[in-house]
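First to last, the sequence lines map onto chains G and F.
Okay, so the first sequence: first residue is 0 according to numbering that gives the first Met the number 0, each after it adds one.
Okay, so the second sequence: first residue is 0 according to numbering that gives the first Met the number 0, each after it adds one.
Think of the hints as simulated: they come from the structure by calculation, not from any bench.
Here the structure is a predicted model, which means the values were calculated and not measured.
Even for Gly, the Cβ is constructed at its ideal location relative to N, Cα and C.
Treat the hints with caution; some may be incorrect.
Stated by the list, open to error - Residues of chain F clear of chain G, computed beta-carbon distances all greater than 10 Å:
1. Arg-22
2. Glu-107
3. Pro-112
4. Asp-139
5. His-219
Stated by the list, open to error - Label-pair restraints from in silico Cβ distances:
6. G/His-176 <-> F/His-142: 56 to 64 Å
7. G/Thr-19 <-> F/Asp-215: 16 to 24 Å
8. G/Met-356 <-> F/His-143: 54 to 62 Å
9. G/Arg-372 <-> F/Ser-64: 38 to 46 Å
10. G/Leu-360 <-> F/Gly-198: 42 to 50 Å
11. G/Glu-54 <-> F/Thr-122: 42 to 50 Å
12. F/Asp-177 <-> G/Arg-372: 47 to 55 Å
13. G/Val-361 <-> F/Asp-30: 48 to 56 Å
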Amino acid sequence: MRSLRNLAILAGKQALRHRTRSVLTALGVAVGLFLFSTIETLQAALREATEASEEDNTLVVYRENRFCPSTSRLPQSYLDGIRAIPGVADAIPVQIAVNHCGASLDVIAFRGVPGDDLRRYNPDLTVVSGSYEAWRERPDAALVGAHFAARRGLEPGDFFAAVGLRVFVAGIVTSPHPQDENVAYVHLPFLQESTTLGVGTVTQFNVRVDDPEELDAVAARIDGRFGDGSAPTVTRPEKAFFAQTARDMVEMIAFTRWLGLGAVVGVIGLLANALLLAARSRRRECALLQTIGFPRRAVALLVLGEGLYLGMAGGALGILGSFAFLAWRRFTFGNEGLTLAFQPDPSVALAGMGVAMVLALVASLWPALEAARGSLVRSLRDG
Amino acid sequence: MNPPPPFLRCRGLTKTYQKGPNRVTPLQSLDLEVAPGEFLALMGPSGSGKTTLLHCIAGIDHPSSGELWVGDSNLAALDRAQLTRWRARYCGYVFQLYHLVPILSAFENVELPLLLTKGLRRTERRERVRAALARVGLADRAHHRPAELSGGQEQRVALARAIVTDPELLVADEPTGDLDREAARQVLDLLHELARDNGKTVIMVTHDPRAAAEADRCLHLEKGRLLEANIPAEVAR
Ligand SMILES: Nc1ncnc2c1ncn2[C@@H]1O[C@H](COP(=O)(O)OP(=O)(O)OP(=O)(O)O)[C@@H](O)[C@H]1O
Ligand SMILES: [Mg+2]
Chain G
0 MRSLRNLAIL AGKQALRHRT RSVLTALGVA VGLFLFSTIE TLQAALREAT EASEEDNTLV
60 VYRENRFCPS TSRLPQSYLD GIRAIPGVAD AIPVQIAVNH CGASLDVIAF RGVPGDDLRR
120 YNPDLTVVSG SYEAWRERPD AALVGAHFAA RRGLEPGDFF AAVGLRVFVA GIVTSPHPQD
180 ENVAYVHLPF LQESTTLGVG TVTQFNVRVD DPEELDAVAA RIDGRFGDGS APTVTRPEKA
240 FFAQTARDMV EMIAFTRWLG LGAVVGVIGL LANALLLAAR SRRRECALLQ TIGFPRRAVA
300 LLVLGEGLYL GMAGGALGIL GSFAFLAWRR FTFGNEGLTL AFQPDPSVAL AGMGVAMVLA
360 LVASLWPALE AARGSLVRSL RDG
Chain F
0 MNPPPPFLRC RGLTKTYQKG PNRVTPLQSL DLEVAPGEFL ALMGPSGSGK TTLLHCIAGI
60 DHPSSGELWV GDSNLAALDR AQLTRWRARY CGYVFQLYHL VPILSAFENV ELPLLLTKGL
120 RRTERRERVR AALARVGLAD RAHHRPAELS GGQEQRVALA RAIVTDPELL VADEPTGDLD
180 REAARQVLDL LHELARDNGK TVIMVTHDPR AAAEADRCLH LEKGRLLEAN IPAEVAR
């Protein structure tokens with residue numbers, strides 16, 4: 000144990016005192032892990048938004064064959080019919096207004112909802128500053144998601160204009176559902192009047208069902224009820240809805256996974272190269288250590304240890320950098336009015352460090368063998 | 000009175016290198032006995048196999064044939080891992096070109112052989128490093144890197160590293176080759192002391208007859224064989 004610790008210290012000295020080489024190598028690793036961690040954050044956000052889970056109990060009722068909030072139009076009068084369908088716990092009409100209907104990195108989305116219904120329908124919303132009452136009182140008031148607010152630097156009392164609307168910030172809200180944090184809730188009539196749609200038309204209904212197991216059955220009932228009318232509906236679980244309408248975006252983000260993989264392979268190459276060069280330039284040193292009694296295993300461990308340090312230092316740097324970058328830019332990737340916020344996630348950091356360490360070990364394997372191999376006499380004679 | 004049994008004994012020690020079609024035999028059926036606590040000098044022309052012999056004696060290289068006993072160990076029969084353990088315990092090696100690790104201080108270089116010693120506490124280890132550095136007169140240079148030391152000081156650090164494990168056998172390959180007279184003097188005095196006062200067996204290769212004259216005995220290696228060498232008295236002093 001003590002020997003192992005001494006070896007770890009010696010490996011640390013090797014890494015620290017070959018400073019230029021170590022810094023450059025760690026920076027290379029950092030670039031790779033920056034990419035990896037950023038891409039993993041995208042992937043995690045995507046998974047969260049699209050992968051169905053057991054507790055999902057929300058359906059989205061949309062106009063059939065429409066994919067953009069500005070073209071999906073449903074009569075608000077469907078509401079009572081939907082509420083009457085067996086299995087439906089609650090429903091809320093939602094009018095959505097977005098600045099972009101295609102894919103965009105800076106999506107602004109307004110959700111117009113009836114002022115009386117929001118709190119009941121969405122009890123998970125927590126007002127962290129400002130107040131709910133202030134929102135209720137003003138027709139042009141907005142409850143702004145925390146992520147949205149941070150991105151725009153908004154605070155209660157501010158006004159801001161977007162998508163042809165000018166709204167008053169009545170409060171900032173947080174929620175366990177990432178979607179809630181990326182939008183601004185406004186009053187439905189206000190939104191309807193401000194856009195060309197007019198009163199009585201909404202984009203969609205959000206429906207909560209009594210029993211998550213019934214999700215598909217309830218969806219079928221809703222579409223059965225409204226399927227034949229002049230405004231036929233298509234009802235899907237919220238996450239499936241997202242996965243469906245944002246298909247392009249989903250594919251694009253899924254594709255970035257390959258970039259992450261490329262970054263990882265690049266890191267292995269870079270580290271292996273640096274360590275191999277180090278092991279070769281220190282052949283005489285490695286032979287010397289063996290001459291004074293270091294077993295070959297210890298010499299190999301020294302190289303592995305050094306690789307591990309470089310990998311971990313670079314990994315930590317890259318992951319922190321990626322998180323700082325994401326926190327600073329507060330990207331919200333949106334498509335068709337649905338948004339994905341890329342927020343630093345501790346599980347991504349953990350996975351990133353794990354990846355960095357595994358990469359470092361893989362990369363140092365061959366250099367370590369090379370350092371421990373070979374004839375002592377030859378290494379001592381010609382270094 | 001019987002002479003003490005030899006500490007080191009070679010019988011028919013042969014080392015051949017095969018390089019392509021060429022066969023080099025630097026050591027040819029060599030016999031050698033060294034008494035415990037003896038200070039032996041080895042001389043010989045360049046390429047005569049002095050380094051090769053030291054490598055064998057120190058367990059760094061394997062003889063091609065013949066017997067090689069040091070203390071109770073039959074070095075010719077040990078495998079690489081066993082030789083490594085043997086070296087760690089019984090043998091200190093001083094290289095002509097010091098071979099210090101450049102990024103480590105003098106102290107850390109001397110500490111190296113003790114890092115993997117089982118059951119050695121840190122305080123004890125540091126005490127032994129300090130003692131070894133004091134022994135070679137470099138207590139005040141402990142925190143200098145090799146690049147900040149003179150050649151003679153570097154060689155003394157290498158010597159400290161060789162003796163810090165308190166080995167019974169000390170092997171030095173031209174330890175004074177690159178040093179001026181004063182620096183060489185200090186190193187030779189140390190080797191002498193180690194043999195005389197501490198009972199270490201010291202085997203030193205040298206080109207310098209004056210250095211060889213410090214030893215208890217001097218042998219000449221020529222064409223793979225050893226010959227007794229006579230150093231004229233005027234050189235010796
Ligand atoms: N690995 C090797 N492969 C082939 N030949 C070798 C090898 N090592 C040493 N030799 C040869 O063995 C002979 C003895 O070499 P060695 O280094 O022992 O001589 P030396 O007496 O120490 O010489 P010097 O005084 O120049 O240091 C030389 O001819 C050398 O070329
Ligand atoms: Mg030599």
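Here is how each hint holds up against the structure:
1. Consistency note on F/Arg-22: stated as away from chain G, and its beta-carbon is indeed over 10 Å from all of that chain's, at 17 Å minimum.
2. F/Glu-107, annotated as away from the interface, has a beta carbon of chain G within 10 Å; the closest lies near 7 Å.
3. Consistency note on F/Pro-112: stated as away from chain G, yet its beta-carbon is not over 10 Å from all of that chain's, at 4 Å minimum.
4. Every beta carbon of chain G lies more than 10 Å from that of F/Asp-139, the smallest distance being close to 22 Å; the non-interface claim holds.
5. Annotated as non-interface, F/His-219 keeps its C-beta farther than 10 Å from every C-beta of chain G; the closest such distance is 23 Å.
6. Checked against the hint of 56 to 64 Å, the C-beta distance between G/His-176 and F/His-142 comes to roughly 60 Å, which is consistent with it.
7. Our hint of 16 to 24 Å for G/Thr-19 and F/Asp-215 is violated, since their Cβ atoms are close to 49 Å apart.
8. In this structure the hint that G/Met-356 and F/His-143 lie 54 to 62 Å apart at CB is violated, the actual value being about 35 Å.
9. Checked against the given bound of 38 to 46 Å, the beta carbons of G/Arg-372 and F/Ser-64, roughly 25 Å apart, lie outside it.
10. The given range of 42 to 50 Å is respected by G/Leu-360 and F/Gly-198, whose C-beta atoms sit roughly 47 Å from each other.
11. Distance hint check: the CB atoms of G/Glu-54 and F/Thr-122 are about 59 Å apart, inconsistent with the given range 42 to 50 Å.
12. For the pair F/Asp-177 and G/Arg-372, the supplied restraint of 47 to 55 Å is violated, since their beta-carbon distance comes to about 30 Å.
13. Between G/Val-361 and F/Asp-30 the CB atoms are about 52 Å apart, so this pair conforms to the stated range of 48 to 56 Å.
In summary, the numbered hints that this structure violates are 2, 3, 7, 8, 9, 11 and 12.
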